[in-house]
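There are 2 protein chains.
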Amino acid sequence: MPKIVVEVMPKPELLDPQGKAVGGALTRIGRPELASVRIGKRFEVVVEQPVTDTLLAEVREIAVEMFSNPIIEDVVSVVVEEN
Amino acid sequence: MPKIVVEVMPKPELLDPQGKAVGGALTRIGRPELASVRIGKRFEVVVEQPVTDTLLAEVREIAVEMFSNPIIEDVVSVVVEEN
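Going line by line, the protein sequences match chains R and Y. At position 43 of the first sequence (counting the first as 1) the number is 43 in this note's numbering, and the numbers step up by one without a gap. At position 7 of the second sequence (counting the first as 1) the number is 7 in this note's numbering, and the numbers step up by one without a gap.
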């Protein structure tokens, strides 16, 4: 069944304390080259119907309203993964 | 600069209360066909060096230990996105 994958990230201009914490931990284990970390969300929506362009556009609208907080987050990607 | 994207999802056999809550909200707004939602995490690691297969394998190991809780989550994907 097709899966619609929606990716939400904190806006680039905002601090990301969770990401900073993980980056700090990576520096402490000796991997400072990996310290630039940002953490967002991945939503998987499994649907039992073919995913049309219309449905994908509707999901993008819904994602902005219901999967993210537009003040602090961006919906960066909405794609279909066929299984 | 290349970006390593790591995706972490709750294990399939586990309940996902956050996902269930969003699915319930979608049903209430009249979109029950979108109610099967699971919510995971997306990590973006920006690196200032070329991403070799070795580095990618190291990041996968680090992701299992530091980006996820292996008791309840799986690292489902580790890929490079060139910008």
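Derived by calculation from the structure, the hints in this document are not laboratory data. Certain hints may be false.
To be verified - Residues from chain R shown here face chain Y by an in silico Cβ test under 8 angstroms; the list is partial:
(1) Val22
(2) Phe43
(3) Glu44
(4) Val59
(5) Arg60
(6) Val64
(7) Phe67
(8) Pro70
(9) Ile71
(10) Ile72
As the structure is a prediction and not an experimental result, all values here were calculated from the model. Note that the Cβ used here is the ideal one computed from N, Cα and C, for glycine as well.
Checked hints:
The beta carbon of valine 22 of chain R comes within 7 angstroms of a beta carbon in chain Y, closer than 8 angstroms, and the hint placing it at the interface holds. Contact between phenylalanine 43 of chain R and chain Y, as hinted, is supported at the beta carbon level, the nearest pair being about 6 angstroms apart and thus within 8 angstroms. Taking 8 angstroms as the C-beta contact cut-off toward chain Y, the hint placing glutamate 44 of chain R at the interface holds, the least distance being around 5 angstroms. Among the interface hints, the one on valine 59 of chain R holds; its C-beta lies about 7 angstroms from the nearest C-beta in chain Y, closer than the 8 angstroms criterion.
The beta carbon of arginine 60 of chain R comes no nearer than 12 angstroms to any beta carbon in chain Y, farther than 8 angstroms, and the hint placing it at the interface is violated. Evaluation of the valine 64 of chain R hint against chain Y yields a violated restraint, the C-beta minimum of about 14 angstroms exceeding 8 angstroms. Evaluation of the phenylalanine 67 of chain R hint against chain Y yields a held restraint, the C-beta minimum of about 7 angstroms falling below 8 angstroms. Annotation: interface hint on proline 70 of chain R violated; nearest CB of chain Y at approximately 16 angstroms, more than 8 angstroms.
The beta carbon of isoleucine 71 of chain R is not positioned within 8 angstroms of any beta carbon in chain Y (closest approach about 18 angstroms), and the interface hint is therefore violated. About 15 angstroms separates the beta-carbon of isoleucine 72 of chain R from the nearest beta-carbon of chain Y, more than 8 angstroms, and the hint is not met.
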